[in-house]
Amino acid sequence: MGKVKNRNWLVLVFLIASLVLSLIFAASTGAVKISTTEIIEILTKGADTVNASILMDIRLPRVLLAAVLGAGLAAVGGVMQAIFKNPLVDSYTLGMSSGAALGAVISIITGLNARIFGMETTGIFAFMGAVLTLFFVYSLAYTRNRMSINSLLLAGVAVSYFLASVISFLMMLNHDKIEHIVFWTMGSLSMATWNELFISAVIIIPSLAVLMYYTRELNILMMGEDAAHHLGINTFALKNVLLITCALVVGSVVSTGGTIAFLGLVAPHIIRLIIGSDNKSVIPYSALLGSILLVLADTAGRMLIQPAEIPVGVMTSIMGGPFFIFLLRSQKAGRQG
Amino acid sequence: MNIGKGCFFCIVGPNGSGKSTLLRVISAALKPQEGDVCFDGRSINDIKHRSIARMVSFVPQNTSLEFDFKVSDVVLMGRYPYINKLKGETGKDFEIAEKAMEYTNTTHLKDRSFMELSGGERQRVILAQAFAQDTDILILDEPVSHLDLQHQVEILNLIKKMCVDRKLTAIAVLHDLNLASAYGDYIVMMKAGMIMRQGTPFETLTAAGIKEIFDTDVYVSVSPVGNKPYIYALTKPNIDKMGIRVHVICGGGSGSDIISRLCSEGFDLSSGVLAIGDLDWKISKENNMQIAEEVPFVGISGEAYARNKELAMAADAIVLTGLYLGKSNLKNLELLLEKDMEGKPLFILEDDSFAARDYTNGTACRLYERIKSRNNSILTDSKALKEEIIKAVETHGESKE
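Taken in order, these protein sequences are the chains called A and B. Our numbering numbers the first residue of the first sequence as 711 and each following residue consecutively. Our numbering numbers the first residue of the second sequence as 1178 and each following residue consecutively.
What the hints contain is simulated information worked out from the structure, not anything from laboratory work. A couple of the hints might just be wrong.
Here's a subset of chain B near chain A, in silico, CB distances under 7 angstroms, partners left out [unchecked claim]:
(1) Arg1227
(2) Asp1245
(3) Phe1246
(4) Met1254
(5) Tyr1257
(6) Pro1258
Where a beta carbon is used, it is the ideal one built from N, C-alpha and C, also for glycine.
Model the full structure from these sequences, guided by the hints.
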């Protein structure tokens, strides 16, 4: 046991170091290069140069937003995989992301994107979209007191496709707002501001704390709902708390960054491959890895075809798609073997 | 239904009779529409989840885990109802988990992944978890249905041991009636959501009781080991009859094998003369055969002899098994020498042991030799019997025409 704990600590230190390095790397790269020493100087002393305003007004909020959203998505993915006892579940495969995107799109085209208490209503719509889709998919899969994970995934993917075509249809009808909508569907962090970062962080960080508070219960939930009940867990209440928290995170992510696919799937799996399935470590470590991956993916998206930008959602799909297929295949092989 | 301490309760019944539902109502996983489940006089629905988990543990049919958990972690989950969320597991919890693994002989699996274990090992680990949960009641839903015989016995022995060692009350759904009989102190029989019978194995596992619950004819005897009812399923596949009547002259178990075999091969059978209660008589009864019967030990009366002859005459062929012959059943051989029996195919299952089976100082032997020398007699063995009978009946029929 001690050995494993030591290894966990090593992984944790490595992840934190990688996160710091990738944040610095992301902040320094871009159309204008800013050296590490300059970043430290600007951050500690403050400066009034052009580079300082690029860093403080454009790059830093964006990089930090990527870190926060990445952490949220990855933790949610890990939690949902544990709740549904299936490695292929995440906010994307269950249609939550599409639902959130549709909510956001509806608020854009109806012009309801006012601000209430500094919160964009788009975010509220995205959250509602995520929750409603989740419960719709859930009720589709839940028949006669039993939930088959296969029908859950099928329902999720089907609803996802359906919502995607609804979004396309709305885009067709609203040419004038097409650019704005594409932003949601492809996922992009280019509009990041301190304000957006602040709102996301206020929602996502406490949500992460809630998710992490329940990691012990999540472990037990993985043994099956019956088993969890008999170990003294109110599974119905627990699942509701966790899923609503997840929907809150997904809604918040989508409302600021659009749909960012595969991150919630990939990050927890990489962590599980390294340290096993104990959610007490998997969830926080996945969050860290999610931050790192999204920061790097966003930076790559900014850098690859300069001066244009590849939306970050496209970047995560490019790297996540093949991984998803790899996962499916290795799961199959595992079953046969 | 009232459940006392330290007992092994078995719930049996056909699929869909509500056994699992009953278990889940007992463990408060389901709320009853009517009625109540009480522990020490308190309704279970008034007790908090965690408190229930300190009283009742549960072992399902099988546990699948898609994720990679160490066995020791799985066992430690059994301590969840006792853990202070902020402090986490204490030394005491680890100690209890270690003990649970020792008890269930899973210590050597400690660092293995639960996913990699075999069905029997998994079930032992889940029992260790239940042990660590330290409850007074253990509920098991078909805990051994997926396992082979060795692991079935291993798991049930372990549960029984827990009942005795720790005054644990086990409530288990078991599919195998003989396992239920062997391990259960108390049997509850369910059908269509109702408890039909309950009591000790001898009170409940009777042929009539099983017929009522499972709508199946069985034969119940007493297990030679353990003094519990033992249930035999009667194998009666619905074989198309060939329309050939065969009369079997047997007794003392010499015909049991032949009767079962010919019956399953689609012959219509009769037998005689058999003493009532004789093994061959029982088998004949179970197969609904016509029997020429006689009270034991009195010899064959004229009436039974006539009945035997009547059945033999009506048959297309007669089979003489390797029966023991004494004064009381010598008339069975005499029948075969009657004039009326000439031309009826007679199959003799010859095994050179006739002299040893003769308890009549040679009388039977002499009769036997005369029977053998008749031209309607065919010596054969039980394997070739079916073909021989069919052949003989066909040629016999032709020669008649």
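Violations among the numbered hints: Nothing - there is no hint that the structure violates, so all of them hold.
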